[in-house]
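Take the sequence shown: its position 194, counting from 1, is numbered 194 in the working numbering, and each next residue is one higher.
In case anyone wonders, no lab produced these hints; they're calculated from the structure.
Quick caveat: nothing in here was measured; it's all calculated off a predicted structure.
Some hints could be false.
What the hints assert, rightly or not - Pair ranges (Cβ atoms, derived):
#  : residue 1 : residue 2 : range
1  : LYS372    : PHE486    : 17 to 23 Å
2  : ILE212    : PRO389    : 21 to 27 Å
3  : SER162    : SER487    : 44 to 50 Å
4  : SER89     : TRP168    : 41 to 47 Å
5  : PHE447    : GLU493    : 36 to 42 Å
6  : LEU101    : ARG278    : 27 to 33 Å
7  : SER369    : PRO389    : 52 to 58 Å
8  : TRP168    : TYR137    : 49 to 55 Å
9  : THR177    : GLU279    : 30 to 36 Å
10 : GLY158    : GLU493    : 43 to 49 Å
11 : PRO358    : PHE292    : 16 to 22 Å
12 : ILE12     : LYS372    : 26 to 32 Å
13 : ARG520    : VAL124    : 48 to 54 Å
14 : LEU296    : ARG520    : 51 to 57 Å
C-beta: ideal position from N, C-alpha, C; glycine also.
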Amino acid sequence: MKSSSWQQKELIFLVLYAAVFYTIVVRRSLQLSHDHYAKLYGLRPGWIAGRFNDASDAQWRNLRGNIPILTMVFGIFTLVANVLRTSFSLKAKGMAIVWSLISLAYLLYLHGACIMFIVAIASVNFFLVKILGRTKYFSYVLWIFNLSCLICNRIYEGYQFSSFGERWAYLDNYRGTFRWHICFNFVVLRMISFGCDYHWADKHNHFDQKHIQRCDQCSSGKTCYQLLQERRVTNDKFSFPIYLCYLTYAPLYIAGPIISFNAFASQLDSPQNIYSSREVALYGFRWVFSLFLMELMSHFLYYNAFAISGMWNQLSPMDIFIIGYGVLNFMWLKFLLIWRYFRFWSLVNGIVAPENMPRCVNNCHNLESFWKNWHASFNKWLVRYVYIPLGGSQKKLLNVWVVFTFVAVWHDLEWKLLSWAWLTCIFFIPEMLVKSAANAVKVEGAFREFVFRELSAVAGAITITCLMVANLVGFVIGPSGINWLFSRFLQKEGLSTLGGLLITFYVGTKLMFHISDAKRTKERTS
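Full structure from sequences and hints, please.
This is the structure:
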């Protein structure tokens, strides 16, 4: 009883602290945006209260500007596909042909003549899978081919038709509106998924029954994503039309979320039954609300403009922290909107893909939970096709280096991304060792539980700080900015700011513990 009373008082204190913290952060952010807006790049006239709009991020600017046309196009695609499905009672192969034709028309607009590169590479991959897919060393061939394509695409920037002869040079004038080799990063993941799922198709799998007994969705008559992914599909699903449809499926082509071949092919026969029409509509309304929040942020808080304008040197350590924290929140909301927009259209068309941002960025207190909830579909892909084949948790300390190096190379061939990947690995290793030691120790008694919880909160505060540093290095200041960042925070004013943010992250971690406790209590009582 005393423990419960103490926890309630602690929760009240934590909530009040969080409210004061965010009040200070928002107020100071508004002041910084007002004082420095004339020096910031990427600001454009906005539509809210005469404010400028932060349009400095190219990814967000492109999506925001194209939402009306994209919505109209996907609406037409959805209408055509569903009318044809209903009229002709189409199953997997029929729907694969329909979506392949729709998607190829979409790609022709996006990439113009460069669609030939996509089809050519995809065809070579398909025949490699079909010819060598049942052999012992197939995995090496699959990975070498796809990694070579990924790297060459970047080095040669999508290739020039003129390099294949003057007779083809005129096609360089018809390269479309969107660089094909940027989107092809996602196609590479799909080609690897197709190859691996085909290679594993004959292996005996006891997953179905064990999973159905444990899973709430599956035991209620629905089919969850994990079962769709792990359950083998019949050999006739590994046909070229279904394969091509999987690689080019319009709603998920540009940005994902990433879906395995097994999960995609099984839903072509029978559309997903996890979400009702009402739940899909509600998902769309929530996206509109998130869009409104982004509009408010980009009109009043110019975080990303600060990041690209090189204003860091003119700010105090406290202001650097506020802008850095704001940039990470901006990135989270940006990617949430991009990924949920395309996932919504996939759901409307009966294909469920994993949710990429299932948890708020401010509700992750360790690296493992952060990466499970940031680009979560990529995380699922990495676990299935990289981490487990390399030995899984038995070789965790080694595998994490391979996984994050691949993630960096997959994003782009840049040193700052490799720096981000290796910094993340360095921060990951102590967390894994501490977790392993903590799991080996049984915590009994109220006092020991209290001490363990406090130490976990301290570890969470340090981890969040490390996570911020790694992401700022990888996506904002680059490796050359590490020394500058440390020099600013290791001086007198910086040390006090560093101490304050560690205390704040400690409080935030404790608040996350309370949220987790509330969720567990709700699950037990439901």
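Here's how the hints hold up against the structure:
no. : hint                        : in the structure
1   : LYS372 - PHE486: 17 to 23 Å : violated (29 Å)
2   : ILE212 - PRO389: 21 to 27 Å : holds (25 Å)
3   : SER162 - SER487: 44 to 50 Å : holds (48 Å)
4   : SER89 - TRP168: 41 to 47 Å  : holds (43 Å)
5   : PHE447 - GLU493: 36 to 42 Å : holds (38 Å)
6   : LEU101 - ARG278: 27 to 33 Å : holds (31 Å)
7   : SER369 - PRO389: 52 to 58 Å : violated (23 Å)
8   : TRP168 - TYR137: 49 to 55 Å : violated (35 Å)
9   : THR177 - GLU279: 30 to 36 Å : holds (34 Å)
10  : GLY158 - GLU493: 43 to 49 Å : holds (47 Å)
11  : PRO358 - PHE292: 16 to 22 Å : holds (21 Å)
12  : ILE12 - LYS372: 26 to 32 Å  : holds (30 Å)
13  : ARG520 - VAL124: 48 to 54 Å : holds (50 Å)
14  : LEU296 - ARG520: 51 to 57 Å : violated (33 Å)
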